[in-house]
Structures are given as structure tokens and as C-alpha cells.
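Hey, can you work out the whole structure from these sequences and the hints?
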Amino acid sequence: MACTTSADRFGGDGGGTALLDAPSAYPVPIDERVGPLWDALREVMDPEIPISLVDLGLIYDVRQDGGVVEVDLTFTATACPCMAFIHYDIQDRLQREPGVEDVRVNETWTPAWTKARVSPEGRETLRKFGVSM
Amino acid sequence: MARYTDEELKEKVHNGFIVEYPDEMTEGYRKALIVQLMVQADTELVSAPAYFGAAKDAPSTNTMVSATAIIQDELAHANIAYRLLEDLGLDKDQLVYGRQPHEFKHPYGFDHPLENWAELVVANGLYDRAGITLLGDVFKNTSYGPLKRALVKVDQEETFHLRHGEMWMKRLSNAGGEAKAQIQRAVDWMFPMSVEWFGLPDDMKRHSGQLDYKLKGMTNDELRQTWMQSTVPLCESIGIDVPAHWSEADQKYVLDFAFPCEYDEDEKRWLFEEGEIGWDQVFERWKRRGPSNKAFVEAIQDGRGFRKQLEAAA
Numbered sequence: 001m002a003c004t005t006s007a008d009r010f011g012g013d014g015g016g017t018a019l020l021d022a023p024s025a026y027p028v029p030i031d032e033r034v035g036p037l038w039d040a041l042r043e044v045m046d047p048e049i050p051i052s053l054v055d056l057g058l059i060y061d062v063r064q065d066g067g068v069v070e071v072d073l074t075f076t077a078t079a080c081p082c083m084a085f086i087h088y089d090i091q092d093r094l095q096r097e098p099g100v101e102d103v104r105v106n107e108t109w110t111p112a113w114t115k116a117r118v119s120p121e122g123r124e125t126l127r128k129f130g131v132s133m
Numbered sequence: 001m002a003r004y005t006d007e008e009l010k011e012k013v014h015n016g017f018i019v020e021y022p023d024e025m026t027e028g029y030r031k032a033l034i035v036q037l038m039v040q041a042d043t044e045l046v047s048a049p050a051y052f053g054a055a056k057d058a059p060s061t062n063t064m065v066s067a068t069a070i071i072q073d074e075l076a077h078a079n080i081a082y083r084l085l086e087d088l089g090l091d092k093d094q095l096v097y098g099r100q101p102h103e104f105k106h107p108y109g110f111d112h113p114l115e116n117w118a119e120l121v122v123a124n125g126l127y128d129r130a131g132i133t134l135l136g137d138v139f140k141n142t143s144y145g146p147l148k149r150a151l152v153k154v155d156q157e158e159t160f161h162l163r164h165g166e167m168w169m170k171r172l173s174n175a176g177g178e179a180k181a182q183i184q185r186a187v188d189w190m191f192p193m194s195v196e197w198f199g200l201p202d203d204m205k206r207h208s209g210q211l212d213y214k215l216k217g218m219t220n221d222e223l224r225q226t227w228m229q230s231t232v233p234l235c236e237s238i239g240i241d242v243p244a245h246w247s248e249a250d251q252k253y254v255l256d257f258a259f260p261c262e263y264d265e266d267e268k269r270w271l272f273e274e275g276e277i278g279w280d281q282v283f284e285r286w287k288r289r290g291p292s293n294k295a296f297v298e299a300i301q302d303g304r305g306f307r308k309q310l311e312a313a314a
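Residue numbers (my numbering), protein chains in the order written: chain A, 1 to 133; chain B, 1 to 314.
No lab work stands behind these hints, which were simulated from the structure alone. As the structure is a prediction and not an experimental result, all values here were calculated from the model. All residues carry an ideal CB built from backbone N, CA and C; glycine is no exception. A couple of the hints might just be wrong.
[Said to hold, decoys possible] Restraint ranges, calculated between C-beta atoms of paired labels, are given here:
no., chain 1, residue 1, chain 2, residue 2, range
1, A, Arg-104, B, Asp-266, 41 to 47 Å
2, A, Glu-101, B, Ala-179, 51 to 57 Å
3, A, Arg-63, B, Ser-60, 22 to 28 Å
4, B, Ala-295, A, Arg-123, 46 to 52 Å
5, B, Ala-76, A, Gly-99, 56 to 62 Å
6, B, Glu-262, A, Arg-63, 37 to 43 Å
7, B, Arg-83, A, Arg-123, 43 to 49 Å
8, A, Ile-30, B, Ala-249, 54 to 60 Å
9, B, Ser-60, A, Glu-101, 20 to 26 Å
10, B, Gly-239, A, Val-28, 50 to 56 Å
11, B, Gln-309, A, Asp-102, 54 to 60 Å
12, B, Ser-230, A, Pro-27, 38 to 44 Å
13, A, Gln-95, B, Lys-140, 34 to 40 Å
[Claimed, not checked] Below, a list of computed lysine to aspartate or glutamate pairs in the EDC-like style, where the Cα atoms sit at most 20 Å apart:
no., chain 1, residue 1, chain 2, residue 2
14, B, Lys-180, A, Asp-92
15, B, Lys-170, A, Asp-89
16, B, Lys-170, A, Asp-61
[Said to hold, decoys possible] Far from chain B, some chain A residues (derived; all Cβ distances over 10 Å):
no., residue
17, Glu-32
18, Glu-43
19, Val-44
20, Glu-48
21, Glu-121
Here it is, written out as C-alpha cells:
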């Protein structure tokens, strides 16, 4: 199962972070997640459920400066058993992009992930997989 | 009084009948199922202390969370199998806390200490793969309904353990140097250990109740081949040597060492140079159990003292 926290006990807004969940408040709004690096990250899947890290809302930002790519990454839970997998899968995939020499992954817990960060496409995928959102 | 004779039940399960309740079993079926579930439960249980020893060697807190999540899964899988044994009239507490270490039914391979991160991830890559091979076959073929349903979750989680093993075997091998050498050393003793785990070759195998009652579908040699079909290419792809190769002539994987052979427990080394031994000698070695048998089972049973105090107070 995905290592999602049970947001229910905090109420429907996923723990008092409703403001952060307005799409305009996302570190990178959904409609600006374009370009080859975002596309590459769309190929990196969660290790446990069939959804990409981008659709799951774990990627906060990706920037390139010369050959160096920097990714801001969060996780669904601090006890997620897949943290190392995800970190390395991102590095492995982005290192295959032309011109990329080094991939730095910044793990961040701010702002917090909530289930509201899952994209509409991701929601549909999860519903088919049997995970209610 | 059982509803069916043994012969009737064997025929029925091979025609698709699924056993759901104890009164649909014959004594022979029940006994074969108990043996299968005991091996499954004990293997999952003892893998927990075995993995824990090496999880302490995790290279970061994130990776320690992954390793301990795997241990938690294994304990849950053990719990599932002991729960199924309770339906058959056995007592879980007695099974876990009331047996001597040598009475547990897990394979000999899990009687050996895993001493570093490389050994843990190779155990995930090789032993958990053996587990998936065996349980995947049971899931596909078993005539026992409750076990089939329980295995859906177990197989999904075991796949995660396998992925953990493969990812780290690749990573450490790519790093080269001492990291790769540690993976090679771990594979050197765990590859033949896994091959032996699948048991007697088919041409020596006594009559198998588990096949007759359709508690599994594949023979020992078929399972061993299935395991090698994915293990050998994985190791070859990351530059790790294994003592087996694909034979075009035989259209199967062939072992490059005397099998079965003796094992030096102190040096963690198979004595290929001493040549083939008899399976009776293998069974004797299994029966003696390995060096960590007592420590692992005691690690599980440590809580017994507390249980007694709580029971006394109640």
C-alpha cells in the first residue's frame, strides 16, 4: 500500500494546510510543470502504487543550472518505507537526460504533502487501483 | 467423519474444487496443509531477526526505515500463516513461544547471521525471490481457499522486498570496489543456499502429498529452475558471478558446482572442492540446524517472560 497518512482524523483539508493546497499556492503550479525534466519525472513511478511521483504531488520543483539539476522532493509520510527508492529512482532517471551531469535531490517537509496534492489524472488512476481519495 | 475419501478429495481438487472448511478435508489433506503452513509461518517469522541483525547496518535513516518496513511485513506474513493454522486447530502461542529452536521448520538458510547491508540486500534479492517463487506457485495453484486469499497481500509485499534487494544489489555493484566485493561474497554463499532450499531433485523425490492435494503446482526442480531464470540474469547483468549457466543443449539452467555439497558454517563457504555429498547428509545438516538458529528463535521468544508476568497479574 502507499504510505499515505490518514488525513481523515485531521479533517478533510488534510491537516490544516488548506491554504497550501490551493493550486496557486503550490511551489510549481500544475499547469507550469512542463518541459523535458518534468516529463522525465513523469516516468518515475511510486514503488508501491501505479502513479508517477509528479501525479502523486511529491515533486515540488525541478531546476536546471548548466549540467546540474536540482529537485525539491517531499514524501507522503516520515515513515515512508520507499524514501531511498524514490530518491535514487529520481537520480537514475534524470541522469539519463541529455546534458545532465549531476542530480541533487533536496528532501523537504515544507510545505507538507497532503492528499489534495494528487493530480486529477492521479486520482483517476488510484481509483481504478482501488485506493479511495 | 470426513465427507470424502482421500482419493475422492484428490480427484476433486484437481478438477477445480476449492477447500474452504476443515470438514471438507481428509486427515491426509489436513496434515499436508499444516506442514506447508508451518514452514511458511516459521520462515517468515525467523526472517525477521535475521534481517534485523543486518538492518542495523543501514547506510542512512531512510534506508533503515525501508529495511524495518520489510521486517514488519515479514512478521505480518507470519501472523497470517499462524492465524490460518489456528483454523486447523493449532495454538499460535504454543507454536511461537512453546517450541524449542530446532523444532522450527524454516529452511537452513535462515539459520545463518546476516552481518552487513550487502548480506541483507542479497537476502532480499535471493531469499525473498525464493519465497515469491514458492508462494507465487502456491497462490496460483492451491486448493485451499483461505490461503489463496491471504497470499494476495503477501505476494504484493514480497515483490517490494525483492525490488529492494535488486535495487541495492545493482547500486552496490555499480559502485565497484569493496561494495561490489561484498555483494559478490554474499552471493557466493547465498546462491547455493537458495538452490539447496528447493530440496530434493525430482528424480529422488518421494511421493509428494502437497502436489497430490494440489497445495502447490510445481515440482522442486521446476521451482528451482524458475528461481534461477530470474536470479542468474540479474547477477550477470550487474557483473556478479554465479555458479550456474544457461545450457542451450538442455534448455535449462545448469549448476556449475557439485550439488548438493557440504558447507563450512564458520567460513560461510561451500566446499565445492570436496565434491558431491548425499542428500541424507544434507538432511542431517538441516536437522542439526545452523549457527544462529538458537539466537534467532530466542530473539523472537524474549517476550515470553513479560507475557508470564502479565498473565500472573491478570
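Cross-check of the supplied hints:
| no. | hint | verdict |
| --- | --- | --- |
| 1 | Arg-104/A - Asp-266/B: 41 to 47 Å | 45 Å, holds |
| 2 | Glu-101/A - Ala-179/B: 51 to 57 Å | 22 Å, violated |
| 3 | Arg-63/A - Ser-60/B: 22 to 28 Å | 24 Å, holds |
| 4 | Ala-295/B - Arg-123/A: 46 to 52 Å | 48 Å, holds |
| 5 | Ala-76/B - Gly-99/A: 56 to 62 Å | 45 Å, violated |
| 6 | Glu-262/B - Arg-63/A: 37 to 43 Å | 58 Å, violated |
| 7 | Arg-83/B - Arg-123/A: 43 to 49 Å | 34 Å, violated |
| 8 | Ile-30/A - Ala-249/B: 54 to 60 Å | 57 Å, holds |
| 9 | Ser-60/B - Glu-101/A: 20 to 26 Å | 23 Å, holds |
| 10 | Gly-239/B - Val-28/A: 50 to 56 Å | 39 Å, violated |
| 11 | Gln-309/B - Asp-102/A: 54 to 60 Å | 57 Å, holds |
| 12 | Ser-230/B - Pro-27/A: 38 to 44 Å | 40 Å, holds |
| 13 | Gln-95/A - Lys-140/B: 34 to 40 Å | 38 Å, holds |
| 14 | Lys-180/B - Asp-92/A | 18 Å, holds |
| 15 | Lys-170/B - Asp-89/A | 12 Å, holds |
| 16 | Lys-170/B - Asp-61/A | 28 Å, violated |
| 17 | Glu-32 | 29 Å, holds |
| 18 | Glu-43 | 16 Å, holds |
| 19 | Val-44 | 13 Å, holds |
| 20 | Glu-48 | 6 Å, violated |
| 21 | Glu-121 | 23 Å, holds |
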